[in-house]
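> Using the sequences and the hints, build the whole thing.
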Amino acid sequence: MDKIKIGIPRALHYYYYKDLWKTFLEELGCTIIISPETTNETLERGKKIANDEMCLSLKIYLGHVSYLESRCDYILVPRIDNYGTYEQTCTNFLGLFDIVSNLFTNKLLTYNIDEAHHQTEQNAFIKLGLALGKGKEQSILAYQNSKQKEEKQRKQKRKNEMKKLESNNPKLLIISHPYNLEDPYIGKTIKEILKNLQVEYINGEYLIDHKTIQNSTKLSPNLYWKYNKELIGTIEEWKQKIDGILFLTTFPCGPDSLVNELMIRKIKIPHLNLIIDEESGSAGIETRLESFIDILGQTTK
Amino acid sequence: MGDYAVPAHFLLSHIVRNKIIKPKPITTKTIEIGTKYSPEFVCTPFKYTLGTMIEGIEEGANILIQAGGGCRYGYYAELQEQILKDLGYNVKLYNLVTAGTTDIKRIYKIMKEIDPKFSILKGIYYGSITKKMIQYMDHIDHYIRANIGFEIEKGSFQKLKWQMLKDFENVKTHTKLRRLYKKYKKEFQKIKTNKPNKTIKIGIIGELYTIMEPYSNYELERTLASMNIEIKRYTDVSYLLFQKHKKIKQYLKNTSEYITYQMGADAADNIGRAKELCIEGYDGIIHIKSSFCTPEIGAMPVLTKVCADYQVPIIFFSFDINTSEVGIQTRLEAFYDMLEMRKKNEKRISRN
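First to last, the sequence lines map onto chains A and B.
Numbered by the working numbering, the letters in the first sequence go through residues 321 to 621 in order.
Numbered by the working numbering, the letters in the second sequence go through residues 9 to 360 in order.
A hint or two may mislead.
As the list claims (entries may be wrong) - Computed list of lysine to aspartate or glutamate pairs in EDC-like fashion (alpha-carbon distance at most 20 Å, straight line):
(1) A:484 with A:373
(2) B:261 with A:434
(3) B:93 with A:581
The hints are simulated quantities; they were obtained by calculation from the structure and are not laboratory data.
Here the structure is a predicted model, which means the values were calculated and not measured.
Quick look at the structure:
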């Protein structure tokens, strides 16, 4: 029997769960097809399908899905509602499955995480395994293995990122969703510019561990978005060690529009708020980053 | 928000001893102030509410109460309080809803903080009257919406409604309220209308704030009424507070061929309503929202598909502070002409 081919769009959830998915699906004997890195063409394709008010990251996502159409048996589109009442996600993540299922005709593979209503991640993955025609025990085992492996990889990444905090160069903490910073179309140029300017940039996402969420309540007690909570928790935790903060977001991100604004008003660290949309050219970004780093260098001296 | 300031004022003025300042109706100035101090791409209700708050503070308010949750609404309060603080206003802002859930204990605590002599019995008593009042108001509004386009003497519905709201403010008991409601219901039914047999019927769905605050949608409903269109609208406060949790399951079940999960705020509800409107034979659907309303943007592709399947025209309006009223008017007129033409064609086909 041929292996089941599962397509994974390289956008949004991919950057959070790639390690988890990879081990899980491979252990269940599936082949994974990941769409290639974002290019201009991906975005163009996404824009054709998407509604023009959707956020840039979602347009890119739809572009990736459209690439995978007809190249695989299933496309993996999870629905992640919340990890508890105070750890919700953006409404795009809630609606994603239904948006994709109405825009494309391809068969979709999905799981639903809604811990406020007792739908935990493990349950969701067991159901996913069952949907692929595997047994319950096999799915649990695969889930636990992949979770362990993911944890190990996360710790390694965190260690590497912590080393950067000891550097002598100006240290810049980047507060951005991984699907923005790590996406080649959005984040790659920024990373390159920072490297040329000899700035040690620290990816806030990699610094997260189990204490981070508690720290975020000091900055914003009522925040209820999981991903934003984790990110701003890192500010609170490492504010002594960094010289500046870069807020990187796409236009028009819902949670970021409020949370970043609040952070900018509350923190007393030099910061730059960078909003990327379809039309932002790299020259404009470069100028802004350069002048920001100049100011940063003067204040730290 | 719209006329709901009346029941809100009624409730608060009876349960706490603080002075209540009624929000002024929204004007261009409100929006200007709100926009000036808001982040760049936040959804429009944020700007409206911030503007209203600043105007209220200028009138002497120092405690502000807000209720909202489901999407970005739930997080408004924290940022708005910070913005007001940065502007030098010393105010306390309470949000009654946290993370999309209503916690009775927390509300009690907040009320105690606002007025240490707050009594829970009084709260329950006047709360129940307010609940009934909102429901009655919404019933009457429903009737008005379906008929206001066909009134013979212009403005008679509006006039009677203002009178009713004024009377509602002074009730103290359930019996009095019920009597008033019955009296006004009869009076509304007495207003003469000339409703033709075949009118164009339009359903309005969309994001809750833009739907309920007439200023934020350039009084769309009034414009439609002046075109002699019968309107049906689902979202009102009694729906959001008392019916949503039951209705949503039903909507999800009815639309299972399109969606499987809730999509945040009222998105899934709107999809259910759109299907209902299609089946009930409405001539067209208008979907309105404020710019950048993420849940509704997610619902839009699904809505398009539903309406395409049932062959019912749908038009999308996105309201921002910069949206030109003339542009909306033109698109609305074109939409209306198209509906009228469809209606005529239908008749011709059925006659043949």
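> State for each hint whether it applies.
Hints and how they fare:
For a cut-off of 20 Å, the pair hint linking residue 484 of chain A to residue 373 of chain A is broken: about 38 Å separates their Cα positions. A threshold of 20 Å between alpha carbons decides the hint, and for residue 261 of chain B with residue 434 of chain A the separation of about 19 Å falls inside it, so the pair holds. Distance check on the hinted pair: residue 93 of chain B and residue 581 of chain A sit about 14 Å apart at the alpha-carbon level, within 20 Å; holds.
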